[in-house]
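**Q** As a plain string of letters, each chain reads:
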Amino acid sequence: MSGSRSLLTSAGTSAPRRRASSRRLGGRFTGLLFVAPAAALFAVFGVYTIVYGFLLSFARWNGFSPNWTWTGIQNYLDLLGANPPLASSVRVAAQNTLVVMIVLPIAVSAIGLVLAVMLNSVRRFRALLRTVYFLPYVTTGIAVFYAWRFVYEPNGSLNAILSALGLTSLVQREGFLGNPFTSLAAVLFVLIWANVPIAMLLYLTGLQTIPESVVEAARVDGASSVRTLRSVILPLLNPITALVVIIQLREALQNFQVFLLMTNGGPVDSTQVLGLRTYQLAFLDRTTDLGYASALGWMLAAVAIILAIVNLRILRSRQ
Amino acid sequence: MQRSLKAVALVTAFATVSALAACSTGGASSEEVLSVWTFKQSEVEALQAVGDAWGSENEMKVEVSVYTPDDAYATKIQSAAKAGTLPDVLSVHSQGEDWKLAQAGIIKDLTDVFDADWQGQFLPGIVDAAAITQTQIDNSGDDPTSTLKDLEAGNFYSVPFLAGTPGVVFARKSLLEAAGVDSATPPASWEEWVESMTATVENDPATGGLVTGLSVPETGLFWLYRPMAYAYLGKDAFYGRDSVDQSPSWDSAESVETLKLYDQLSPLWAPGVLSLGIDQADQAFADGSAAWDVGGTFTLSSLTTFGVDASDISVFPVPPSTTGKIQTIAYPASPLISGAVTNTSKHQDEAVSFLKYLTSVEGAALFASTALDLPATAVPESALTDPLLKQLVAVIATTSGDETFAPNDFSAQPAGTVLHDASVLLTNLPAKTDTPDGLGRSMSELYTAAWAAIK
Chain A
69 MSGSRSLLTS AGTSAPRRRA SSRRLGGRFT GLLFVAPAAA LFAVFGVYTI
119 VYGFLLSFAR WNGFSPNWTW TGIQNYLDLL GANPPLASSV RVAAQNTLVV
169 MIVLPIAVSA IGLVLAVMLN SVRRFRALLR TVYFLPYVTT GIAVFYAWRF
219 VYEPNGSLNA ILSALGLTSL VQREGFLGNP FTSLAAVLFV LIWANVPIAM
269 LLYLTGLQTI PESVVEAARV DGASSVRTLR SVILPLLNPI TALVVIIQLR
319 EALQNFQVFL LMTNGGPVDS TQVLGLRTYQ LAFLDRTTDL GYASALGWML
369 AAVAIILAIV NLRILRSRQ
Chain B
120 MQRSLKAVAL VTAFATVSAL AACSTGGASS EEVLSVWTFK QSEVEALQAV
170 GDAWGSENEM KVEVSVYTPD DAYATKIQSA AKAGTLPDVL SVHSQGEDWK
220 LAQAGIIKDL TDVFDADWQG QFLPGIVDAA AITQTQIDNS GDDPTSTLKD
270 LEAGNFYSVP FLAGTPGVVF ARKSLLEAAG VDSATPPASW EEWVESMTAT
320 VENDPATGGL VTGLSVPETG LFWLYRPMAY AYLGKDAFYG RDSVDQSPSW
370 DSAESVETLK LYDQLSPLWA PGVLSLGIDQ ADQAFADGSA AWDVGGTFTL
420 SSLTTFGVDA SDISVFPVPP STTGKIQTIA YPASPLISGA VTNTSKHQDE
470 AVSFLKYLTS VEGAALFAST ALDLPATAVP ESALTDPLLK QLVAVIATTS
520 GDETFAPNDF SAQPAGTVLH DASVLLTNLP AKTDTPDGLG RSMSELYTAA
570 WAAIK
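Heads up: the protein sequence lines correspond to chains A and B, in order.
Numbers 69 to 387, taken from the working numbering, label the letters of the first sequence in order.
Numbers 120 to 574, taken from the working numbering, label the letters of the second sequence in order.
Think of the hints as simulated: they come from the structure by calculation, not from any bench.
In this text, a Cβ means the ideal position worked out from N, Cα and C, and glycines have one as well.
Wrong hints could be hidden among the right ones.
What the hints assert, rightly or not - Stretches of chain B that chain A covers, calculated by requiring three or more beta carbons in the stretch to come under 8 Å of a beta carbon on chain A:
{"#": "1", "region": "187-194"}
{"#": "2", "region": "218-227"}
{"#": "3", "region": "433-440"}
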């Protein structure tokens, strides 16, 4: 009896189930249709280029000849030392990139945090100040980098200000970009200036999610403002710091436009970085070599991924 | 509901078809088009003028497109070669880029059509320099990105239409006279030139200096150091130093002496010269921020664009040192930019005909007057209207022999990035970060490593 009831039940509900099932299928199909354009675009401009670039890193190709010449891992070996003239220029670029990778995340995180804390503590004009501090991020572009070049010129505004302040020993006769000892610091300053706003905004968002009661409790326990910041607020902002550091590491490894536009890697390779060297190998050198450029690009990507994982692990372990 | 959906579908289909139609390369046209690509903005108007003149006689329209700067142009050619959308005629750097494209099968071997009659119209030395030599093929090595092993020695893969020479100094007469320097007589030697520059810098350090686009480090090596070093070392030692034998080596006494001569310029460069690009250096000279500008015959068009007063400018070649082997160096015109016909062109005969007209006396005079640049064809001076262009023609030597410097002859160099690396190393002197002795050793190590990499 129970068996016949279940059969009846099954027969009685099978039609609505089929309808529900076909609705679900239709829904899935519609969903797939919505996703399809983005997926197709990613397949063409994302997956295809990534695979193409990865394969190219194991070949030599000047971009013009009809065929690639497969070389296995020789491109990587050449860049790491097997081809001394090439490896030498890569080594110089790597040293400068390392400086940028260390200075940029530290400076951007520190300045961004200080600005965010200050902004979070003010009650009036917060929106206005936030907009003002964010301006460098939205205005950064080719024109701004050229404007910075003018600031750094021998007769630019920076030298004029230093002269007016009587700091003549700091005035650079060759301009700040024309002196190999000041050029990297000058470009780094522009990078920091351009990247602080995004860090500040992220920290400000993080600060506004910290419950007031937590900060109050620390104060009630007698913690000073500095102690509260160090022992309570900063640990709570660890995920934001991880994000800021990862963004800045990516910027340090991949941003070559600033160096290309402001110094072209000079003078005497003092601002040569790996991103710019990759671009030069691919498009600017007399002997264009997309194989070497791809291999160097993948080495950069590997470093960026490893550093991101290490950074996330360290900050998670602190939490 | 269904009607409205159908309407939306129809509109979408119509919009898609319209968009695709707009993306297509255009419909059939009654007039045939010869497409020409160039990488120099200053050439567009001149090439179009020549194209219009040729087109009116051949019932064909010439369309000139520009893709600049050089890296964008190279990328455009690469992608067009892949997509099969190359133009009929490509403007290419002579003695290098044309051979690279020929090796890749992108451009056509023009040896059969570039006959003796056609060759007879060119400036002395141009035709010889345009043909690839066996040494150039051998030195290109087996590296897949630089080898030229599929080309044939003595063949022509492009036809030069723009000639000239680097190693040309532009001087600002008013600034020279203010410093008590005779602006009417160009310096006869390197030492005289250094003395004149010292006077202008001492008179006004802010405006008396020398500029060139040193942020592109090749400018210092190609336009200034190499002509001076050629005259000092003599032909054999100059090419021998870069060759596989490195005889003499870069750190030999005579080679270091050339670096010492170059180092004499270190206190004479204009402030901030290391951060100046080529155009910025020309602009600095044009606006009176520098008394001297080193470039080439091709610099004239930039200076004209920046509004320089031709009557305030004098022109002379980089002078040789009195202590060198060659006392009177000559600068013959070398091919700078050539026209090549693509293998995929459907108008190859018309493309050759266009190049023939471009390099004829009539076409070259039209090109030179419009572009304010030196044509590769021998045109009478009366056909040139610009006074500075006439001065430049006078700089170009018509002689040949050991005293003539071929600026684009890099046949002794090892393949690879050595020229860029050497250019960067040379900027150590104006940057005051190395001595001539130290630089000689660094150069020697660089060339030893570069030749070892080829072996």
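**Q** Cut-off 8 Å, C-beta pairs, minimum 3 residues; does the coverage of the region 187-194 of chain B by chain A stand?
**A** holds (count 4)
**Q** Has the region 433-440 of chain B got at least three residues whose CB is nearer than 8 Å to a CB belonging to chain A?
**A** violated (count 0)
**Q** Verify this for me: three or more residues of the region 218-227 of chain B with a beta carbon less than 8 Å from a beta carbon of chain A.
**A** Per the Cβ count (6), the hint holds.
The structure does not agree with numbered hint 3 stated previously, though it agrees with all others.
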